[in-house]
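Novice: Spelled out, the chains give:
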Amino acid sequence: MKITGTFIDEITHDIPSSNWGEREWEADFQAMKYIGIDTVIIIRNGYRNLATFNSKVLSSNFDMINAPIDLLELFLSLSDKYGINLFFGTYDSGKYWMNGDYQREVDINKAFTEEVNDKYGHHPSFQGWYISHEIDTYNPDVMNVYRQLGNHLKGLRDIPILISPYIHGKKQFAEDPTSLEQHKESWDKVFAEIRDCVDIVAFQDGNVDYAELYDYLLVNSKLAKKYQLTGWTNVETFDRDVLIKFPPINWPALCHKMDAATRSGVDKMITFEFSHFMSPFSIYPAARHLYDRYCESVGLTPLNAGVESDTIRLGEILSDRLENSIADTSALSNM
Amino acid sequence: MKITGTFIDEITHDIPSSNWGEREWEADFQAMKYIGIDTVIIIRNGYRNLATFNSKVLSSNFDMINAPIDLLELFLSLSDKYGINLFFGTYDSGKYWMNGDYQREVDINKAFTEEVNDKYGHHPSFQGWYISHEIDTYNPDVMNVYRQLGNHLKGLRDIPILISPYIHGKKQFAEDPTSLEQHKESWDKVFAEIRDCVDIVAFQDGNVDYAELYDYLLVNSKLAKKYQLTGWTNVETFDRDVLIKFPPINWPALCHKMDAATRSGVDKMITFEFSHFMSPFSIYPAARHLYDRYCESVGLTPLNAGVESDTIRLGEILSDRLENSIADTSALSNM
Amino acid sequence: MKITGTFIDEITHDIPSSNWGEREWEADFQAMKYIGIDTVIIIRNGYRNLATFNSKVLSSNFDMINAPIDLLELFLSLSDKYGINLFFGTYDSGKYWMNGDYQREVDINKAFTEEVNDKYGHHPSFQGWYISHEIDTYNPDVMNVYRQLGNHLKGLRDIPILISPYIHGKKQFAEDPTSLEQHKESWDKVFAEIRDCVDIVAFQDGNVDYAELYDYLLVNSKLAKKYQLTGWTNVETFDRDVLIKFPPINWPALCHKMDAATRSGVDKMITFEFSHFMSPFSIYPAARHLYDRYCESVGLTPLNAGVESDTIRLGEILSDRLENSIADTSALSNM
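Chains as they are written, first to last, in UniProt numbering: chain A, 1 to 335; chain B, 1 to 335; chain C, 1 to 335.
Any given hint might turn out to be false.
Since the list gives no way to pick one copy over another, a pair counts as held whenever it fits inside one copy or between any two copies.
Here are the simulated DSS-like pairs of lysine-lysine, each with C-alpha atoms no more than 25 angstroms apart in a straight line [stated by the list, open to error]:
#1 Lys-56 <-> Lys-2
#2 Lys-225 <-> Lys-81
#3 Lys-225 <-> Lys-2
#4 Lys-154 <-> Lys-245
#5 Lys-33 <-> Lys-81
#6 Lys-171 <-> Lys-245
#7 Lys-2 <-> Lys-154
#8 Lys-2 <-> Lys-268
Keep in mind the hints are simulated off the structure, nothing from the lab.
Could you build all of it, start to finish, from the sequences and the hints given here?
Specialist: This is the structure:
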């Protein structure tokens with residue numbers, strides 16, 4: 001199975017900005033299209049005081065930072081042009097729902113998504129909603145958020161609604177990781193409650209050990225089928241195991257996770273996320289190589305973003321120099 | 001208002017070295033000049049055992065690491081050539097003044113700056129002193145350092161003296177941030193004492209929330225006017241909000257800070273710092289894109305350091321491949 | 001003295017993967033060869049569930065992640081081709097020996113190295129063993145590991161055995177650093193016990209202050225001579241002093257360490273490690289510049305991996321633009 005969807009994390013919790021303009025983003029969409037990406041999910045269109053565009057709703061509630069580029073318009077236009085479905089991620093205040101004021105989080109998002117639907121609803125690529133408020137276990141208050149928001153979003157525009165929960169796993173919560181059985185029970189309860197207001201669930205796959213990933217994927221896949229939800233997996237392409245937080249993942253680990261996902265019967269693989277961690281234009285050079293490894297593995301000619309510009313040309317210079325120095329040595333030893 | 005000054009942080013507390021040689025530094029000065037930088041500030045010419053050149057004074061006091069390139073000579077020569085004013089940053093022992101032995105810190109710096117003035121004083125670009133010992137509040141001992149050093153430096157060479165304090169703000173000191181009122185009182189006291197030995201004050205702008213920055217800038221600007229000091233702002237171009245410490249800042253946040261500074265009436269914007277965080281030659285690719293965003297915003301043709309070498313060429317390859325694959329599909333569907 | 005050996009850290013504790021394929025690795029070996037590298041040490045051929053190839057022994061003991069490329073075959077072939085000696089690093093379970101189950105760590109490695117010798121023993125470049133289990137002080141259990149493994153490895157293939165201990169120094173263990181005297185006593189005891197099963201000792205050089213490094217190197221060098229061991233030094237090319245863990249080291253610090261090593265009388269300098277921290281193809285651009293600085297210092301033409309592709313071309317564009325803008329200004333002022 002191929003990776004056919006990706007988050008776009010330009011309004012971010014913790015990942016550095018690439019500072020791309022329109023030209024760089026278009027090149028990135030081309031690179032996505034080339035490997036078969038048909039879905040992009042804007043992970044959130046606003047977080048605290050940053051947003052993808054200058055929203056009247058957000059500006060009337062918060063001290064927003066001006067958006068010099070309308071990223072939502074840009075991403076929708078590029079999605080229109082390249083035949084990609086775009087999922088719109090909701091606003092995350094970073095405070096109300098963290099502090100128990102769930103209703104305020106819901107109310108702002110109702111107004112925000114109305115504004116968005118009015119302003120950007122004409123884009124044919126606007127094909128999904130993404131509720132950005134992540135959970136890892138049953139939480140009755142967030143169930144209520146999902147129900148209220150889900151119904152509202154469906155009323156605005158009847159398109160699929162996606163969530164991407166995380167697993168309370170040992171790689172992120174070493175002190176009190178959940179067991180597979182606890183995970184199953186908890187999410188059985190969640191799915192029973194959200195089945196009417198959410199369509200697709202894409203668990204993040206980086207919170208558990210590589211060895212136990214398949215078992216979790218299988219449970220998730222079966223739970224999704226039980227409640228007639230669509231089950232995607234969010235194949236994280238960043239590395240949680242090294243000191244820098246976070247660089248692109250290593251290729252063997254990515255292969256392992258894609259293989260586990262394919263065997264588990266998930267409906268689709270998406271990733272967090274292409275533009276930083278597996279793009280040939282990434283600010284992290286290791287991502288450029290990861291793109292090539294991925295291309296090779298699915299039978300596509302690699303782009304060689306790293307290789308063409310550096311390795312080949314410099315490799316040729318080095319080859320020449322090495323040959324000359326060997327020739328020199330031979331000349332000397334022949335004397 | 002444009003950014004017209006930058007620190008040079010090659011002798012650093014915590015930022016990785018670019019390992020540039022003369023050619024790379026000259027290119028960087030050209031890139032600075034192109035966007036209108038007229039002032040560079042060497043943030044410190046010595047820190048613990050590293051210095052910009054092999055100083056006799058420092059070597060007789062500390063186990064110094066040899067300086068393979070005379071960076072001070074290089075920076076002064078490039079400043080001469082490109083018509084840039086250079087501010088010389090003092091030595092920071094990293095220990096004496098931290099441990100209360102202020103006099104020793106002063107005495108070493110007196111001897112060090114004499115050596116520097118003798119050796120490098122002929123450079124016409126040598127146009128300012130920078131006292132590298134940063135504070136965030138009134139501190140009578142450091143006032144004494146400023147007074148002693150300030151008088152000494154003025155005696156050596158009567159050129160402007162700059163300091164760049166930080167604000168004890170909530171982004172860096174979440175547990176006990178200062179209030180705007182406390183900040184104002186404290187710095188009123190500082191300015192009253194240093195007005196005779198310091199000429200320019202450039203507060204760092206990254207320690208407070210984006211929403212409160214303008215208020216702090218306004219207070220700083222008014223205080224400077226009250227004491228007839230020149231008020232610059234140090235617009236940090238690195239990002240304090242992400243997990244990696246530190247990458248280039250995101251463009252919307254930089255726009256926000258430049259706008260707040262312009263409205264507040266500061267005399268000049270400088271940045272910490274160009275070469276890592278907004279240079280087209282930066283070791284951080286996101287900085288190369290930031291340079292282009294900045295160029296566009298001030299009406300200059302962007303350099304497209306990232307785009308020309310990667311995006312355009314690879315984008316063309318991708319466009320061709322995508323067209324061919326669409327052509328192939330059409331051919332198939334026409335059969 | 002030149003750096004003539006390097007670790008290869010593709011199976012890593014904490015360093016991000018470059019995601020290189022065969023072409024990139026070959027270019028990297030060319031770049032090593034060009035500066036005179038004659039020895040590569042695969043730091044470990046397996047760590048927890050990742051390995052350089054799909055080992056039957058490891059797969060029967062652990063849930064291994066599939067190795068999409070046989071890196072051991074690749075590194076041996078490249079070493080054969082470029083006339084480089086390869087040291088094979090043992091498997092590190094990351095648990096047994098940490099938890100006191102030393103015998104299990106030994107037994108797995110006996111079987112693993114037998115498998116390796118059978119499968120890869122025909123490569124002429126297979127010229128050394130590296131025991132990857134690092135220590136910083138006398139430890140009777142690890143002495144036993146070294147003795148058992150050393151004898152086993154010698155029996156399999158009578159080639160030199162290398163270890164690379166760390167110093168319990170103040171840069172890594174600020175709270176209870178060892179003194180030089182304690183270090184000497186402890187390692188005198190270690191060397192007395194391992195002299196028959198280890199041939200080469202290459203202490204890591206980054207755990208102590210720059211000022212005290214020479215003294216440690218001298219002690220290590222004398223101890224090696226006393227016990228007729230070969231004494232190498234592992235000149236770390238990453239920077240432990242900045243916030244990002246870890247970028248390439250700054251050039252003056254590397255010069256300092258190479259100079260101290262040369263004066264101390266070590267037999268050879270190796271580094272941890274070339275491909276991330278001083279390669280012209282590194283994912284860290286500062287490493288590309290470090291390679292050039294190193295080339296210049298040993299009288300080789302630098303490769304200018306960073307300069308050719310960016311600085312020169314962009315520098316020319318900038319020069320043109322700057323000249324034109326000066327010409328424009330002159331034209332104006334002549335009117």
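Novice: Hint by hint, note whether the structure agrees.
Specialist: Verification of the hints:
1. Lys-56 <-> Lys-2: neither (39 angstroms within a copy, 28 angstroms between copies)
2. Lys-225 <-> Lys-81: neither (34 angstroms within a copy, 54 angstroms between copies)
3. Lys-225 <-> Lys-2: within (21 angstroms within a copy, 58 angstroms between copies)
4. Lys-154 <-> Lys-245: neither (36 angstroms within a copy, 41 angstroms between copies)
5. Lys-33 <-> Lys-81: within (11 angstroms within a copy, 39 angstroms between copies)
6. Lys-171 <-> Lys-245: both (13 angstroms within a copy, 20 angstroms between copies)
7. Lys-2 <-> Lys-154: For Lys-2 and Lys-154, the Cα distance exceeds 25 angstroms both inside one copy (29 angstroms) and across copies (47 angstroms).
8. Lys-2 <-> Lys-268: within (8 angstroms within a copy, 48 angstroms between copies)
In this structure, the hints that do not hold are numbers 1, 2, 4 and 7, in rising order.
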